[in-house]
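Chains as they are written, first to last, in full-length UniProt numbering: chain C, 1 to 1005; chain A, 1 to 224; chain D, 1 to 417; chain S, 1 to 103.
Be a bit skeptical, because a hint or two may be false.
Taking lysine-lysine pairs in the DSS-like style, the calculated list, with each CA pair at most 27 angstroms apart, reads [what the hints assert, rightly or not]:
#1 A:Lys182 <-> C:Lys622
#2 C:Lys919 <-> C:Lys939
#3 A:Lys16 <-> C:Lys890
Some but not every residue of chain C turned toward chain D, in silico, with C-beta under 8 angstroms [as the list claims (entries may be wrong)]:
#4 Thr256
#5 Glu543
#6 Ala547
#7 Phe600
#8 Arg910
#9 Gly928
In case anyone wonders, no lab produced these hints; they're calculated from the structure.
Because the structure is a prediction, the values reported are computed rather than measured.
Every residue gets a Cβ at the ideal spot worked out from N, C-alpha and C, and that includes glycine.
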Amino acid sequence: MTQHNRLTSGGRIDRSTSMTFTYNGKSYQGYKGDTLASAMLANGIDVVARSFKYSRPRGIVAAGAEEPNAVLQLGATEATQVPNVRATQQELFNGLVSSSTNGWPSVDTDVMGMIGKIGGNMMPPGFYYKTFMFPESLWETYESMIRKAAGMGRAPRETDPDIYDSINQHCDVMVVGAGPAGLAAALTAARGGARVIIADEQNEFGGSLLNSSEPLDGKPAADWVHDVVQELRAFENVTLLPRSTVNGFHDHNFLTVHERRTDHLADIAPAKMVRQRMHRVRAKWVILATGAHERPLVYANNDVPGCMITGAVSAYINRYGVVPGNDLVVMTTNDYGYQAALDWAAAGRKVVAIVDTRSVANGDRVEAARQRGLTIITGSAVIEVQGSKRVTGVSVAALNASGTQIVGSVTKLKADTVASSGGWSPVIHLSCHTGSRPVWSDAVVGFLPGPTLQKQLTAGGINGQYETANALQEGLEAGQQALAKLGLPDVELVLPKVKTLNMAAPMSLFHVPHLKPTSQAPKQFVDYQTDVTAAGIEIACREGFEAIEHVKRYTAMGFGTDQGKLGNINGMAVAAKALNKTIPETGTTVFRPNYTPIAFGAIIGRNCGALFEPERYTAMHKWHVEQGALFEDVGQWKRPWYFPKAGETIQQTLNRECLAVRNAVGILDASTLGKIDIQGKDAREFLGRVYSNAWAKLPVGKCRYGLMCGEDGMVFDDGVTACLGENHFLMTTTTGGAAHVYEWLEIYHQTEWPELEVYFNTVTDHWSTATITGPNSRKLLEELTDGDVSNEAFRFMDWQQITVAGVPARVFRISFTGELSFEINVQANYGMAVWEKLIEAGKKHGLTPYGTETMHILRAEKGFIIAGQDTDGSVHPYDLGMGWCVSNQKPFSYIGKRGMNRSDCVRENRKQLVGLKTKNPKQVIPEGSAAVLDPNGVKPLSIEGHISSSYWSETLGRSIAMGFIKGGLDKMGESVFYPLADGTVIEAEICSPIFFDPKGERQNV
Amino acid sequence: MSDVTSTTKLEQAATKAAVMNQLPADKESLGQSPLHHADFASAAKRGAQKGGIHLSELALLGHLTLRCDAGNLEQLAAVEAILGVPLPLTPLTSVEKGAYSVRWMSPDEWLILVPGLEAFSIESQFRDAMPGHYSLVNSSGGSTVLMLSGDNAVELLQKSTTIDWHLSVFPVGKVVSTLFAKSTATIRRTDDQRFELIIRRSFADYIWLWIQDASLEYGLVIEA
Amino acid sequence: MQHYSGFGLLKHSFSHHENWQRVWRNPTPKKKYDVIIIGGGGHGLATAYYLAKEHGITNVAVLEKGHLGGGNACRNTTIVRSNYLWDESAALYEHSMQLWEGLSQELNYNVMFSQRGVYHTCHTLQDMRTNERLVAANRLQGIDNEMVDAEQLQKEIPTLDCSKNARYPIMGASVQRRAGNARHDAVAWGYARAADALGVDLIQNCEVIDMEINDGKITGVKTKQYGMIKADRVGCVVAGNSGVLAKMAGFELPVESHPLQALVSEPIKPFLDTVVMSNHVHGYMSQSDKGDLVIGAGIDGWVGYGQRGSYGIIEHTIQAIVELFPCTSRVRMNRQWGGIVDACPDASPIISETPIKNLFFNCGWGTGGFKGTPGSGNLFAHTLADGKPHPIAEPFSIKRFHTGALIDEHGAAGVAH
Amino acid sequence: MLHIYCPHCGEYRDEEEFHSVGQAHIARPLDPEACSDEEWGEYLFFRKNPRGLHHELWVHSAGCRKFFNMTRDTQTYEIKEVYKIGEQPTVVVQLQAVSGAQS
């Protein structure tokens, strides 16, 4: 294929480096420095998409982030598919594979286009709200058709092979945009000694200067840009970020900058390179130099490929050496629009006419066009375009002075390209992100940034200053202001000389009238991507959708991936006209992040896959892995769940582990329990306030179990606390509750009772805990210790400091299984050494490692609760049948006391924790099952309670369960019923939750 | 080994706490730092010798957390007598003398690092000499120390934390406790391009994974 | 009310759609109403509709400080379900669910209620227990909800990562198949149009700045634009702004207003035909009819009325989504936004009398108000008509925060949505 | 992403290091037993929830772990001041004219 629209010279492309790309399966050539869009235009590709609702052919309209149509699917492999890439922002690389996203069988010959033509009339805005209702049953069918037709590109079905990351940056001045204003601002700030970051979405700095033929200091503008960039690079405190879009401006001067590091190189990032990086920037001052987007005019059939904006035409010619057509008609409301015609003519192609909507046109650019002999038709407009897949001609007619009516006859001109300019809209998106509402300016004919609390300055196009000289000056001033705010010395900067042009006033025109009323004229598009027309907006207003937000939502205007960058102002103007209001009276439109779309991968950085969330390990983790343990996630911890042997089912493993504990000895890694060291003379008093039971008399060397309640009286954690010294305690918490309990202790200490002399320190990670439990546990311990661990010397609920396997240890004789148990705590650096010695020595005692599941069964046989499983934030100690763990004698009204005495907490018939024995001992009630009194009742049934813990107990040879029953503690021996999903019903008898060794003799031996 | 509470010389001392020498006689062969499984010694021999990130572990040091009153002159004097350096009272600062170093953690909290063998001795000296209300906790088993250096060390920290590491605001000696990726770390600058990271035991493997990953583009050199 | 249908569209296409009637009038407020409803969001408009429709009270005004349906009604992620845990909530949300079914036909406005199912994935044993409890309770409450195992789930949602490799592997899920999505704007507009047709005055750009309270009884409200408007009864349905209105009336609520964020991807071809929520990794996602992946985020931990929150929430949410759906990594996020949600300590709403006579509050829907819209309006209309709560609404009184009879739905409310 | 000055560390840190606890200056009743259910309920659950100036309790959870107070505008998210526990705010809502509620 030849690049028949490519000029032989000029532009910033490298004609010596040719690149091959494919579009819809066909191969084309472009050059290094091209965007995909410029390369497509060079090759004369007209149709790049089919529209969303009417399936109309669409072409490239713009040259930047505002492009609504050229939204393509990229990717050479399934895993590297990227949906919805804007061709105007994608740099060309060799081997790029692209395709259009809608249209069947192809974008050129699309069947839906016919339906769009016929059915389009039945699809006014919001038509879907008015139909598809009858019959009700068919909605799902309608909807699945709508869903298939909607959407643009597609997500890959394979996992992303690329990596992304994020990096945190701090600076004095963040300059957004590296056009003339941004470069002047950054250079000023840098020379003043500020730490500067300057980011621009394009691959090269320069902004509008790259698209322009206008000289600076009599030399090409690119020379000046080059010099500034070189100087900025030399500063140690300046970071230059090309290919980096500032996508979000968040509160307190926090910005997200999305840098594309390899998208210009290949389909997949080269080895060791991150594809995209998110810079999370905290800036002391932000200078927005984001420029402006040109507005197209709204006229009939303005979406036919070949209709563009004038700035894009200039950009393709000057930057990429591409003339996107042969015969150009320009329609403009302002002087800037003439530049496209001048550039087109300079490129040697035919300018058919410049149609100026103003009756008088006499600015310098107009004069230049006259001198060049270009045809200028004033006081007129292109009211309609002919053609379907490419413009073939235009209808031009004279307008009245206000541009609201056609006053003359219609002239038809042949042309293949229409470039329109309705003026420019400042790119105020970022300034809106933190809630600042933009302000309309009649002078600029656009919205300007509104007042903001952010430390923000603006310069250049964003302020409606579109002439290079003014943009440079504003950039300089913004840089100086930032320096002053930062207390840094002022600097001078000699700005390059730019010829100042005389400009005639622009005309405020958005929507070009047609011979027919808007509702009957050919479609006049306002928002291309969402297929919103001027007629559609008028209908919405007529129906009563008068707030601009209503108009936008009813028509979907601005909801595309371009977020209405081209169309929003025009749409507001159409609505304002329909409502007989001014644009600012219609409302303002606020933009939200992102400025342009960002890959999910770039937002999450490395926090995915293996690094999604930390896995916390104990000192013995490696041993568990080597033994083939399966793990349970408890908070971020990986805890051994059970240790299967070859060929075992999970139940067989659990049975084996349970019996080992009951008959010999088992070992559990209990290191994950939260541990808090408490010191100070008021430690004991503090414990009395935060636990529901009494702590005043616990002697040194003893341990006690306690319940923790919130101020509402509801249990939220539990554990054993040991008295290490008169003023020294070690508190244990649940594994998942450790962090919360620690913060809870601190908040009461720091805010309520600072007078209490006590310090809390988390020591969870410091101690490693191996629990040995079972009748043989003492024998095992005796082998490895220098201490006397006999029942006489070392009582139940005592703790002692002894050595175990040569390592000093704190050993707690407490039991969560009901068996004789020792919890051996050693400094975690020695946890593995002690564990391995225990395993070795334990062989002859039948020592069996067990995990959390067996731990749960063993404790349930004893009726011990697990906070979080047998509590749900709605039960107090009495509900748990644990009134023995509440002391109402304490002088201080401990946390939870008042709460558990509120009227609802002391009423009859609260749900209470009981044991449940199935009538058929072989049946295990599924956990979560709901209890009813009458299984044959009519739904909705009143739920009496639920099963919180339920297991097969191999020790008892039957199932056991704990659960809640309304008034259960008074219903011992009564039956309740658990209807299951499969329709069966399990009958169970309410009983004590202590199923095994009710007298608690085994732990005392 | 059965004296549970240490006897204090100062009978009026408010804190009566349990102190124990937590180290076995055979500490060298038995001790396993939280990154034992990463085997830095082998990695140092086998791995890359050039790269923008250098990493080593200072394993099995003595970590002592001191909580006391920064306004109590008697306490300050006692600490200085024991450690030979005054407590750093300015937020986010540290002091270092010989093998002892002290980091400001909070207005009433300092983290003291000493050689592993000296932890018990220092702790005992505190119990003997420190007046008033305070707490001292041996946390040696709960954390480890990583030394991070190299041309790209600051960039790696930028990827991992939200702190401003510019020398003008983060000079040598400054110390912060902060989020490190999805864990936490106490980080001190010991030289322009050299940092000390104190990390929690249970998160050590995660941080090790994170650092390897974040070093990919710079090259990671493990030092024994 | 002009009837909407496909035939109507065809007919109007011949007149270029120039003859569609207004969806609602733009009336000037009267001096006095039987009932004033403060707040023209989905709940307020539904309340007005049911007051007129079911109680014959049509001398009603809805006062909206901005435009109709302009608050949380148009900012939510449109999830509708009724699988709540406690009997009280199950009754409330199921009441709402039954009104959703057939709502398009009742309002003659297609609210696009689509029962594509809502899954709650389980990643831990505790997750499994919580969901099994929920499913068991719902079965007896007469609400459809079932468990599916990981293998079955993988078949039903091919793009979801049900492998064992995940950080928190999916062990199973509960699914309510009658649950799904609806079109949020359409709900507000549909109720507004129907209420207007029954004679309710919908007053936009009318901000209440004070209340007229005599002897502990409300008699009218003062508005910024129209001065005093009298009323026999006043219902306040202003979601995030409830605290501000309560302050006007001189009391506090057990409610805090937090930013709740959401985001959408660019529109893509059909990717997910249901709703997936994960409490554990904390994110949820559906796909709109337009093709956007609609993703819900957590709530910011601080009080905020700015309709925006912190970026960290967005990062965490997308991390969760990519963890659940790894092949979304190259899909691109288009836009984010925020609403103001008024959350109660027990994650259940308030539909209640207040210390002021004839002043009623409907608030505290927290992160899940959209699904409640029809039920909330229906029950609140009953409360306003009778001057006392409907039996289903009775447990949702403010008084529960004094007695302790909370309806703690944190488990079932799950991810903020 | 708020940028918060920790009054204990003496520098700004990112919001991620902090945790908001809720309304500040809610003192635990000195004699809980003397409280009615209503009073206890108010203490537990009822909050000012203002649109505008708000005094909040925060903790520097990933830093020095100290609690402190903050005066923040809940509409603009501007942080007006931070101050230590036990101190009183200096930026407060001006007393409003008598509410129209009595009119």
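Do the hints match the structure? See the list:
Taking the CA atoms of lysine 182 (chain A) and lysine 622 (chain C), the gap is about 22 angstroms. The hint holds against a cut of 27 angstroms. As the CA atoms of lysine 919 (chain C) and lysine 939 (chain C) are separated by approximately 24 angstroms, the hinted pair is consistent with the 27 angstroms bound. Distance restraint check for lysine 16 (chain A) and lysine 890 (chain C): the Cα-Cα separation of roughly 24 angstroms lies within the 27 angstroms cut-off, and the hinted pair is therefore satisfied. A cut of 8 angstroms between beta carbons decides the hint on threonine 256 (chain C): the least distance to chain D is about 6 angstroms, and the hint holds.
Below 8 angstroms, beta-carbon pairs count as interface contacts, and glutamate 543 (chain C) has one with chain D at about 5 angstroms; its hint therefore holds. For alanine 547 (chain C), the interface hint holds, since its Cβ comes within 8 angstroms of a Cβ in chain D; the closest pair sits about 4 angstroms apart. Given hint, phenylalanine 600 (chain C) at the interface with chain D, holds; its Cβ is 5 angstroms from that chain's nearest Cβ, closer than 8 angstroms. Of the supplied interface hints, the one on arginine 910 (chain C) is violated, with its beta-carbon coming no nearer than about 10 angstroms to a beta-carbon of chain D, more than 8 angstroms.
At a threshold of 8 angstroms, the smallest CB-CB gap from glycine 928 (chain C) to chain D is about 3 angstroms, leaving the interface hint in force.
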